[in-house]
Amino acid sequence: MFVQDLKTEFYDVLVNQRVLVLCGADVDALVSCKILQYLFQCDNILYTLVPVTRKQDITEALEKHGETGRYVVLLNCGGTFDILEDCKPENENLVFFIADAHRPFNVYNVYNNSQVRILSPTENENIPGFEDVFRDDMDSDAEEEEEEGRDLDEILERKRQKRAWIENRNRLLFDYTQFNYFGKATSLTMFELCWKMSRDSTVILWYAIIGLSDQLVHRRIESDKYVTECGLLQGHMTRHDQLYDQNSSESNVNSLKLSFDKELNLIFLKHWTLLESMRHTQHFACRFKMWTVRGQKKIYEFLAELGVPLSQCKQIFASMDITFRSSIKEWIFKLADKYSLDEIGAFCFSANLGYKHKFNALDVATAVNTILDQGDFFKALDALSWSRIEILEKGIEASKTKLISIFQQVQTFLETRQIASTGRYLYAVLQESTPNSKLFGKPGALEDLAHFLQAAYVARKSRDSPLFPMVVAAPSVTFPGYSLVIGIPPQAETSSRNLFAQVFNQAAVHCSSAIQKDAYLQENLILVQSEHSRQFFEAIYDLLCSVDGRD
Amino acid sequence: MTSLADQGLSLVKEILRCPDYLQPMREDALRNIFEEMRALNEANQKDVRLISAADSERSDGAPDVHVVLYVRHQLLLRLRRCIMAYLDGRLKVIREFRWAFGPVLTKDLKANMTDGEQKWFIDYSASLGRYMSSIGETGVDLLQHSKPPKSLYVEVRVLEDYGDFETEDGQVVVLAKNSTHFLERSQCEKLIRQGVLEHVVT
Amino acid sequence: MSDNSDNEVEELSSAAQVAQRFQEWWISERNCPVLLPYQGELVDCLLDQLDHMRQGLAQLKASDLRAGLHRLEVERIQYLINDYLRSRLKKIHKFLPQRPAPDMNVLLSDQERTFIDDVVNATFKHFHASALSQMPTGMQQLSLPERAEERDHYVFCRVKKAAPGVMVDADSIVDFDVAKSSQSAGHLLGSNTSSQASTNDDELRKKTPVPVVLWKNADVMRWLKRCCADQHTMYAHLFLEHDITGRSLVRMNECSLEKMGITNPDHKSELFREILKLKLKSDILEIKDLERAGADQSRPSSN
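Residue numbers (this note's numbering), protein chains in the order written: chain A, 1 to 551; chain B, 1 to 202; chain C, 1 to 303.
Read the hints as simulated data drawn from the structure, not as lab findings. Idealized CB from N, CA, C, for every residue including glycine. Any given hint could be a false lead.
[Unchecked claim] Below, computed lysine to any residue pairings styled on SDA-like, alpha-carbon distance capped at 20 Å:
{"hint": "1", "chain 1": "A", "residue 1": "Lys55", "chain 2": "B", "residue 2": "Lys177"}
{"hint": "2", "chain 1": "B", "residue 1": "Lys147", "chain 2": "C", "residue 2": "Val106"}
{"hint": "3", "chain 1": "B", "residue 1": "Lys110", "chain 2": "C", "residue 2": "Val106"}
{"hint": "4", "chain 1": "B", "residue 1": "Lys150", "chain 2": "C", "residue 2": "Trp26"}
{"hint": "5", "chain 1": "A", "residue 1": "Lys358", "chain 2": "A", "residue 2": "Met237"}
{"hint": "6", "chain 1": "C", "residue 1": "Lys125", "chain 2": "B", "residue 2": "Arg81"}
{"hint": "7", "chain 1": "B", "residue 1": "Lys190", "chain 2": "C", "residue 2": "Ser130"}
{"hint": "8", "chain 1": "C", "residue 1": "Lys90", "chain 2": "B", "residue 2": "Leu142"}
{"hint": "9", "chain 1": "C", "residue 1": "Lys90", "chain 2": "B", "residue 2": "Asp123"}
{"hint": "10", "chain 1": "C", "residue 1": "Lys61", "chain 2": "A", "residue 2": "Lys314"}
{"hint": "11", "chain 1": "C", "residue 1": "Lys90", "chain 2": "C", "residue 2": "Val106"}
{"hint": "12", "chain 1": "B", "residue 1": "Lys150", "chain 2": "C", "residue 2": "Val74"}
{"hint": "13", "chain 1": "A", "residue 1": "Lys338", "chain 2": "A", "residue 2": "Lys356"}
{"hint": "14", "chain 1": "C", "residue 1": "Lys125", "chain 2": "B", "residue 2": "Thr114"}
{"hint": "15", "chain 1": "A", "residue 1": "Lys358", "chain 2": "A", "residue 2": "Ala346"}
{"hint": "16", "chain 1": "C", "residue 1": "Lys125", "chain 2": "B", "residue 2": "Asp161"}
{"hint": "17", "chain 1": "B", "residue 1": "Lys190", "chain 2": "C", "residue 2": "Leu80"}
{"hint": "18", "chain 1": "B", "residue 1": "Lys119", "chain 2": "C", "residue 2": "Asp118"}
{"hint": "19", "chain 1": "A", "residue 1": "Lys356", "chain 2": "A", "residue 2": "Ile316"}
{"hint": "20", "chain 1": "A", "residue 1": "Lys379", "chain 2": "B", "residue 2": "Asp161"}
{"hint": "21", "chain 1": "B", "residue 1": "Lys147", "chain 2": "C", "residue 2": "Leu72"}
{"hint": "22", "chain 1": "A", "residue 1": "Lys257", "chain 2": "A", "residue 2": "Lys314"}
{"hint": "23", "chain 1": "B", "residue 1": "Lys150", "chain 2": "C", "residue 2": "Asp118"}
[Stated by the list, open to error] Some, not all, of what chain B presents toward chain C, calculated at C-beta under 10 Å:
{"hint": "24", "residue": "Ile33"}
{"hint": "25", "residue": "Phe34"}
{"hint": "26", "residue": "Met37"}
{"hint": "27", "residue": "Glu42"}
{"hint": "28", "residue": "Gln45"}
{"hint": "29", "residue": "Asp88"}
{"hint": "30", "residue": "Val93"}
{"hint": "31", "residue": "Trp99"}
{"hint": "32", "residue": "Thr114"}
{"hint": "33", "residue": "Tyr124"}
{"hint": "34", "residue": "Leu142"}
{"hint": "35", "residue": "Arg185"}
{"hint": "36", "residue": "Ser186"}
{"hint": "37", "residue": "Lys190"}
{"hint": "38", "residue": "Leu191"}
{"hint": "39", "residue": "Ile192"}
So that you can see chain A by itself, here it is in the shape it has in the complex (with noise of 0.2 Å):
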């Protein structure tokens, strides 16, 4: 069932009672997390926080602590399985509250009007309606057999009837799940709360922020929509700013203050130097093809029109000469059209602690989400209280060396042609040998690397590379033996809608011993017993091959 007011119907059902809260392994749901917790402890709700990777974590934790609370709230997770087939809670009065950004949303889970109730909203989503998913003799076939003294062709008739829904109703389901993409961020919903509740300011903000900025940054949502919703976060930011005018003459150098401007998509820019963060920037580097003995000629090239010297660029960031730093925007937006690098602006907050600390959103949520992946989820929620900046500082450092390690890996990949392609995607496979194998062992890492091949790939062949998905595998690290394989659309396709969570189960009923199942929340990963993969691989093959055919 759909929740309609978040306040009257959410918050205020909470009020006074123990709640347990999942939270999911994205930084969408951190920040979410975040913003419920302070709700939590404004009005004194008690409650216990687990944090879930996989759909055996949600199980084990409703076993647990599912005697303590009546209440359930699942961010950024169970949205899209049914929770209560998957996850077979004891106790038959716990309610569900879910907030996931994940689509499709289950049809169990809408159409449960008892236990399950979604938070988020869905816009266009192609829901099937009730009566075409649910009928009231679904199962009874045994007993309209039994009937007698009925007319035969009325049997007869309706049992054609009943295939014919049954068929449409598979059809129906197969469309409406056959993409997996995300809709809004989970902290953008959180936040709209906290504001019909006049409960917001510029920390929850900030909060929402950085969830905004992870999806893009994952690119699950397509770049007008984050602005228009960087719009609506703007406007918000615009009224607390007026707000705090107001209240005080004075103003208070340790309060945070938010800035929204167009700003150079270079990662993690101000924390490195300027020749490092074109490097590892996706775009940048995949425009130049940094890892090309040209390329890095061709970069000099450009600096040099830029009017920076080499010896600066390879300074850090904040010693750069002042000249230089205030005006090094100015001039690649200048010749930005040049080099036709497309996407070197881009529109993002950044907050203002003091005199010391500048963030960017999108280096925020980055250095955040490699916390994450290293596995420490309290350490990842520490990252983003003001007051232990060392941490987040720690994950930058993380990121960065991530990020050095990714690029070294797609220059292999590029050298060795290691890419290879099927004629219906790309797939690339790293051995257990390679150095750093470890490092991509995690779900975040292979994410960020598969798209950097991708780029990268498709920046070196153009034609029709851009419209293949791509599917790379790495050995896993938590699941020794099995490899864990990932897979992402094609670089054409603007939205986030991903067909591999259906591809891989479907790849996995052929291969049923070599997999397994449901290690991760994620719905486009999945983990392949090594000596397997080849087999996995040929049979996803042939799963496109139908796919395509189909189209």
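Add chains B and C to chain A, keeping to what the hints say.
Just chains B and C now, kept in the frame of chain A:
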């Protein structure tokens, strides 16, 4: 003789060196000191007998014997003082245990305590308990409320698996590792002190 | 002095006043390096209050806004009480296993005295068993001297009421002024005086002090009432009759008191003592003034 004073001093130094950790009791050093004290005492008594015997014969005893007697007596006093300081220092450490960990002695705390010290712990614990319960009508638990309360509820993170924890209103909270809870401060205080929970400060 | 403190407690009727007063004592106890008198009545009163509050809270619904506020208040008061008792115990523990000096006994509560006895006994038993019994017989008796408090610490204190002319050391008099702004002035004092000052009700003259020699009869009567209340009730009429001004007061001795009509030797000596004290104070003030005047005069010449 000089070695004795050194031994006494070494005991005192040891207790000063680690004021919050109980080393095993230096039984050997104590035994040595008692031995030497006995020897000194006997030597003194012999000399006293000599003097009183000599006194009965002539009026002046050899003055240097008096000096030796005096020095030995001072040495005895000093050794006793060192031993007392050593014992008292150990008692201070044990006292801190009571204030930090409560009235029950765990095995690792008992590790370096002698029987006498354990008995003293029990006595001290009992008298502290009597004192605490005699204040007001129902008594006051002085181990609670060690910090000024900033809020009613605190966010705590579970460091070790604890199992079920019953709160005052009857609800049972399962304290499993890697979960965070928002609970009443006064009820968590004991567990925070034990190290099962960690107070999260943002 | 203890009379004064009893009067204090009887005057305070409201719960807020009790809590406020106890908080001041808590601050003093925490910051003073020596033990202060035990505020048993305040502690008991507050514990009773806490019980009442807890009972009242049990009847309130949990969702009531007041419940949260009151519960936090209960926690705070409980913390104050616990910390007060803990600071006292900490100071007591500093001199265990020595017993406190007899003049300190009055500062302790009964429970604390029992506690000290128990601990000292247990400690001595332990000493005897572990060490003393194994020493030569001459050494076995160990008696620790009673510990007197060292009174040579410096403390900061905050002025609550103006009290000009308080004798701090033998040779200096400090004027306690309530600060002109809303912040309170801190004074650095030896702890001996400060403990007296905290047990005293600060003597106060709200006006600038008139020197004793200029006192009129009314001033003398006021002084008499204030410092020797008993004598006031008995002999006030004598002072009035003889029109004792400040000038005559400083010239008095025991004979003159007798001539006035005060025959009881105890009363006489007590009165005389008070008069001497007053004389001393005024003399010291005068000396201070002279010194200050002398310094002013000598300053231009020294330049």
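Evaluated hints:
no.: 1; hint: A:Lys55 x B:Lys177; in the structure: holds, 18 Å
no.: 2; hint: B:Lys147 x C:Val106; in the structure: violated, 30 Å
no.: 3; hint: B:Lys110 x C:Val106; in the structure: violated, 38 Å
no.: 4; hint: B:Lys150 x C:Trp26; in the structure: holds, 18 Å
no.: 5; hint: A:Lys358 x A:Met237; in the structure: holds, 16 Å
no.: 6; hint: C:Lys125 x B:Arg81; in the structure: holds, 17 Å
no.: 7; hint: B:Lys190 x C:Ser130; in the structure: violated, 34 Å
no.: 8; hint: C:Lys90 x B:Leu142; in the structure: holds, 12 Å
no.: 9; hint: C:Lys90 x B:Asp123; in the structure: holds, 18 Å
no.: 10; hint: C:Lys61 x A:Lys314; in the structure: violated, 65 Å
no.: 11; hint: C:Lys90 x C:Val106; in the structure: holds, 18 Å
no.: 12; hint: B:Lys150 x C:Val74; in the structure: holds, 12 Å
no.: 13; hint: A:Lys338 x A:Lys356; in the structure: violated, 36 Å
no.: 14; hint: C:Lys125 x B:Thr114; in the structure: holds, 14 Å
no.: 15; hint: A:Lys358 x A:Ala346; in the structure: holds, 17 Å
no.: 16; hint: C:Lys125 x B:Asp161; in the structure: violated, 42 Å
no.: 17; hint: B:Lys190 x C:Leu80; in the structure: holds, 18 Å
no.: 18; hint: B:Lys119 x C:Asp118; in the structure: holds, 13 Å
no.: 19; hint: A:Lys356 x A:Ile316; in the structure: holds, 15 Å
no.: 20; hint: A:Lys379 x B:Asp161; in the structure: holds, 19 Å
no.: 21; hint: B:Lys147 x C:Leu72; in the structure: holds, 13 Å
no.: 22; hint: A:Lys257 x A:Lys314; in the structure: violated, 30 Å
no.: 23; hint: B:Lys150 x C:Asp118; in the structure: violated, 36 Å
no.: 24; hint: Ile33; in the structure: holds, 9 Å
no.: 25; hint: Phe34; in the structure: holds, 5 Å
no.: 26; hint: Met37; in the structure: holds, 6 Å
no.: 27; hint: Glu42; in the structure: holds, 8 Å
no.: 28; hint: Gln45; in the structure: holds, 9 Å
no.: 29; hint: Asp88; in the structure: holds, 7 Å
no.: 30; hint: Val93; in the structure: violated, 13 Å
no.: 31; hint: Trp99; in the structure: holds, 9 Å
no.: 32; hint: Thr114; in the structure: holds, 7 Å
no.: 33; hint: Tyr124; in the structure: holds, 6 Å
no.: 34; hint: Leu142; in the structure: holds, 6 Å
no.: 35; hint: Arg185; in the structure: holds, 7 Å
no.: 36; hint: Ser186; in the structure: holds, 7 Å
no.: 37; hint: Lys190; in the structure: violated, 14 Å
no.: 38; hint: Leu191; in the structure: violated, 17 Å
no.: 39; hint: Ile192; in the structure: violated, 15 Å
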